[in-house]
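Using the hints, build the complex out of the two chains.
Below are the chains, spelled out letter by letter.
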Amino acid sequence: LSGTAALSRNYFKHLRQPAPADNLEGTIFMLAHTNEAQLSTRGIPAARSGRKRKYALASIGITTVAALAAGITVGPVANAATSKAKGKPIKVGSIASLTGGPSFPEAGVAVRAYFAEVNAKGGINGRPIDYNEIDDGFDTNKLAAAARQIVDQRGAVALVGSASVLDCAINGAYYDQKGIVSIPGVGILNQCFTTKSIAPTNTGQYTGLGVNIVFAATTLKKTAPCVLAGAGNGGEEATASVVAKAEAQTGVKVKSTQFYPVDTHEFTAFLLKAKDAGCDVLMPAVSGPDLIALEKELTELGLRDKMPTVQLASGYNVAFGGALKDVADGLIANSEFLPFTGSGANDPGLAEFNALAKKYKFAPSAFGEGGYLAAKIFTKVVSGMKGDVTAATVAKAFQSMKPIADPLLGTPYVFGPGATHQPNFSSRYVQLKNGVWEPITKEWTSLKG
Amino acid sequence: MLQYIVTGLATGGSYALLGLALTITHRATRTVNFAIAGIGTIGTFAMSWADSQGLPFALALLLGVAVGGLLGALLGSVLVRLFGEASVETKSVVTIAVFVSLLALGGLVWKGKAVAVPSKLLSPAFRVGGTPVSQSSVVIISLAVLLALGISFALSHTVMGKRLQAVSERSTTAELLGIDSRRYGLVVWAVSGAFSVVAIWLIASKSATEFSGLTLYVIPALAAALVGLFHHLGWTVVGGLLIGALRSIVAGTDRFQRYSSVVPFVFFLAILLWSQRNKRWDESR
Chain A
244 LSGTAALSRN
254 YFKHLRQPAP
264 ADNLEGTIFM
274 LAHTNEAQLS
284 TRGIPAARSG
294 RKRKYALASI
304 GITTVAALAA
314 GITVGPVANA
324 ATSKAKGKPI
334 KVGSIASLTG
344 GPSFPEAGVA
354 VRAYFAEVNA
364 KGGINGRPID
374 YNEIDDGFDT
384 NKLAAAARQI
394 VDQRGAVALV
404 GSASVLDCAI
414 NGAYYDQKGI
424 VSIPGVGILN
434 QCFTTKSIAP
444 TNTGQYTGLG
454 VNIVFAATTL
464 KKTAPCVLAG
474 AGNGGEEATA
484 SVVAKAEAQT
494 GVKVKSTQFY
504 PVDTHEFTAF
514 LLKAKDAGCD
524 VLMPAVSGPD
534 LIALEKELTE
544 LGLRDKMPTV
554 QLASGYNVAF
564 GGALKDVADG
574 LIANSEFLPF
584 TGSGANDPGL
594 AEFNALAKKY
604 KFAPSAFGEG
614 GYLAAKIFTK
624 VVSGMKGDVT
634 AATVAKAFQS
644 MKPIADPLLG
654 TPYVFGPGAT
664 HQPNFSSRYV
674 QLKNGVWEPI
684 TKEWTSLKG
Chain B
23 MLQYIVTGLA
33 TGGSYALLGL
43 ALTITHRATR
53 TVNFAIAGIG
63 TIGTFAMSWA
73 DSQGLPFALA
83 LLLGVAVGGL
93 LGALLGSVLV
103 RLFGEASVET
113 KSVVTIAVFV
123 SLLALGGLVW
133 KGKAVAVPSK
143 LLSPAFRVGG
153 TPVSQSSVVI
163 ISLAVLLALG
173 ISFALSHTVM
183 GKRLQAVSER
193 STTAELLGID
203 SRRYGLVVWA
213 VSGAFSVVAI
223 WLIASKSATE
233 FSGLTLYVIP
243 ALAAALVGLF
253 HHLGWTVVGG
263 LLIGALRSIV
273 AGTDRFQRYS
283 SVVPFVFFLA
293 ILLWSQRNKR
303 WDESR
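As they're listed, the protein sequences go chains A and B. Residue numbers 244 to 692, in this note's numbering, belong to the letters of the first sequence in order. Residue numbers 23 to 307, in this note's numbering, belong to the letters of the second sequence in order.
Excised from the complex, chain B in its bound form (with noise of 0.2 angstroms):
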């Protein structure tokens, strides 16, 4: 059993990284990206192009993320500026078509093959009862945690923070007060599709690297920060590292092996019940 905990909790610590990256987006800017993992990818994947190329890892990395905040300030710039006041369903839909679109893009131009991603830190740190648990694992896991702590103090702590939070729960009184909320919007869009492609890059190095694959790795992200309700950073982390060890266990049993992708789903479904608890059978509707 726990083998199964410590290497699900490894694949869940990547859950978490890309969840919190969704949990981020939503708080500052009221919007549910689905197209996240997608951005992430293509800037994964310009980052590999370049490290074949020969560059350097550090400067092809610098590349990748510089794409990934391209992108994410271009899908950004469209929504501040077409979709502003749009609530969060419209807003999320738009994402959701891009994601969409990505996915059919991404299927023309590399074709369902696998692209070779530089894989790095898959040996050992150190081992939990005899599994190893890798590198990689580790600066998954403490990231995902360094990040959480990190951005929840500076959001509450720091007047960057502060006016970020304005921004996104009233932009246009935020922007009556003088702040620009197009440019913070932007800010949040760029670093967000930026933190994508480490996100991606750290899970593409230990995991399949086809496009769709990696684009879909959304979905348990989903999971992950709907435990936060997108909004608790905390949970977030929790959420992703419990839904990657407990689909662990279940794929460790003999009888439900092969239902193991469903776990996350079960999350989905559970804590949207959960949320409604409280609500009148009309207000639910």
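The following block holds chain A by itself, in its conformation from the complex (with noise of 0.2 angstroms):
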């Protein structure tokens, strides 16, 4: 509710003074889609006389009235486990992107399930786990709050699975100066594998696209594959060093690499140059829905046939297959875990997580094979320790832990005790097939290095 109530409060901030212009606030606007500069910039009439104020006023609260009326309908989710666990419990937190932007709820519904079942068996050596998700209202005030209301207030021994889009950039550090460790189910900003107390179960985009190449090159023997990535925020260094990655792990070379400015939300002009590149093959690191709109434009330039894309795992989603079901035929999307669509859906290694997903009633999606992993993992870690459970022993469990295989993970997890975490450098492949991904890839595909 509160979060709806800041996200108001912010468009109104906006419109009174420019939003700075810094490149994480780029990022913001790639994802949220909303361009609050572009609101606060011009053609916004500033209400001068005391009659114009008062009605100025008036409509800023009716507005808040709204917003505040429409937040009513999202509450927390109240806790569901009938515990046979009877010890003192173990408190885990997580942070969620869940209003106000784009949203994130499915890691934190398959975390919330996979504890749920563990406290209905027992718990963790008798203990059950008290997990809370808080909703980040897309608000960088409230993120550092939350991490503060997790880490301090609640005394959690650990983050896991939490799904904020900005939740690494913003509390990255609190974490490392408290020592507690966060397992995302979902890592989107570079920060999410740059940190030292931060290891994501999912690639990530950068990642991702080092990947992408990798497979565009060996598994579909392209010979000129080109990117095209969002600017700012440290995406060009970041994908320079994955292009350089994959270069040398394939032979092949990256024949063009393009940087969209992150607002936009039009791609023709960029899907030309990759033409006129040559491009045979182009690997987009565009924001969920912004693929759709790419996919559109590749249609419309009459290029997929000469030029096909192979989108992040952003693209791997069963909304966005429909969308595109009629304009994008064919298209290759990448896979952060094993596929849960298609024929994927009766791939034996999704039994559990499918079964977990039946039982409480959730949809089976890419965010919460990831969600459902960092609470796997963490329930494995935590169930071989010995002694006090805090967060400095579990941080100390998750940096000397042995690897974890997952039938869902094609690297075995490991935090470590590295300043940087990749513990996932693995995909496997879906095609569109009539509106329905369906897996093309039998093995995994690795970035090395």
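Where hints are given, some of them may not hold.
[To be verified] A short, non-exhaustive set of chain B residues, derived as facing chain A with CB atoms under 8 angstroms: (1) G129; (2) A138; (3) S282.
None of these hints come from the bench; they were simulated from the model. Don't be surprised by glycine CBs; every beta carbon is placed ideally from N, CA and C.
Take a look at the structure:
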């Protein structure tokens, strides 16, 4: 509720003053598709006279009330587990972006289900897991407060299955300082992979891009792959680094790398430029709904056969499959975990995950797989611990853990003692066939180095 | 260069179409309707829902248009009743409030997820120097040009058009002359709401189909309408096409491609400065 209020507050803050133009903001814009800087920039007349101001204030009041009223429908989900475990609860938290921007509820739902199941079976060494998820409301102030609430006030021993757009960037240093580990189910920004105390279960967009280049060069046998990535927030450096790795691994040179402004929703010019460069496959790193625009433009330009795309895991989404059914049949996307759609739904490796989804009534999704894995890995690591379970001992257990293999993962998960972490650097591939994503590889493709 | 201009014009046509809706609303009701794309998006999503339920496409489109018309009339009735004599600024602030509310509500309802909007007419109508121009682009640009011509003619040559102008410029005087200004106002709001659904659907069939992305299409449309100073329909179309083409050309360069989304704002700035060119210091403050 307060997230929604903060959102409307923020909008008005931006209407009055220009938004700061740092790179992080740029990323927010890309993901949120809401360009507050654009709102603020022009054409919004300032209310001057007292009467006008009164109307303006009334309108703002109406807006806030409307936004608040809408927010009422989004309430906290109750902890549903009827626990057999009677010991002292092990407190675990997570932060997810649920309101105020792009929404990632799937990981948290899977984490909650997994922990409910663990609790029903006696908990971790007799102790139930007390899990709670906080909505960051897409608000940086709320994000910082949420981390402090979880770590300081609740005394959580770890963050498990977070799925917040900005958490790693805003709270990474705080987690380092507090010595608490976070195992996000969905790591989005580069900081999720370059912070000492964070190691997500998913591949992330940059490594995902590298894996895609390897896939295009080795499996699709393409000789002129091209990259289209977002500008800003370190995107150029991170892209260059994975491109170099993929080139070294495959011996295939990337023909061109373009950077688009993160607040654009139109890619036609970039597609034309890639075509002119002679690309035979394009690897776009575009956020969710934008890839729909890109695919439609590719179809419109008639370039689909000449220069197909391999989309990131952000494309592997059931709704996108439906939205692209008529325009992008044959589109290939990266799956960071074992594919769960089409014939993949019956893969024996997914039996446990599917059973959980069925029992707790959630639709299987890639983000759900990420959350499920985070919860499963946490349970395994903590089950093996002796003595006190505190943030410090849990962190130590993760840093010295043995790799945990899982059928959903191409590479066994290991946290390790390093300053940066990339436990998942493998993908499977799926192809859109008549609106359904069908798995097309039986092996995992990995980015080495 | 030619291919960037051709594809840019196609995108610019969408800006022009929505810009026209803005200009018409402004001319008839003295309001800059920031919420217009939001209303269009809700109508488009209603249409997509109906389409996904198996309704024939034409009926689904009709339903979406009706939803847009209804929402437009709803917003219009608030403005006509409560802000009938208020200034352009005040009325526009109200639509900004609605625009922001819609963004928040849309975020809660659709949660930033893509909606499957029926995409039609993506196959090429013809080619210019090897670059295909899709049927949808042809429809969008022709619709923009025809509407600009048709409405310009109707406003200055028909009784209804003249009454509309009277209502918009002096609503009380018009009423004293026996013109039911509320009804005329409401009709314009309903029609612009309905029209925005068609515009947003045409845009959505070739772009991202997510609520806030479509709702924010109002920004390049505002830039286009500003080229026509919210009055001249022809210049609005020219503005939209120009912004689209320039944006595409900039995105096609090596050095500036990552700044291509700034183009509408350069237009904002240039036109605002130009429109103030003869103002003396005190007046323009």
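To see whether the hints hold, each was checked on the structure:
Annotation: G129 of chain B was flagged as interfacial toward chain A, and the flag holds, the nearest CB pair being 6 angstroms apart, inside 8 angstroms. Among the interface hints, the one on A138 of chain B holds; its C-beta lies about 4 angstroms from the nearest C-beta in chain A, closer than the 8 angstroms criterion. Taken as an interface hint, S282 of chain B checks out: its beta carbon lies about 6 angstroms from the nearest beta carbon of chain A, inside 8 angstroms.
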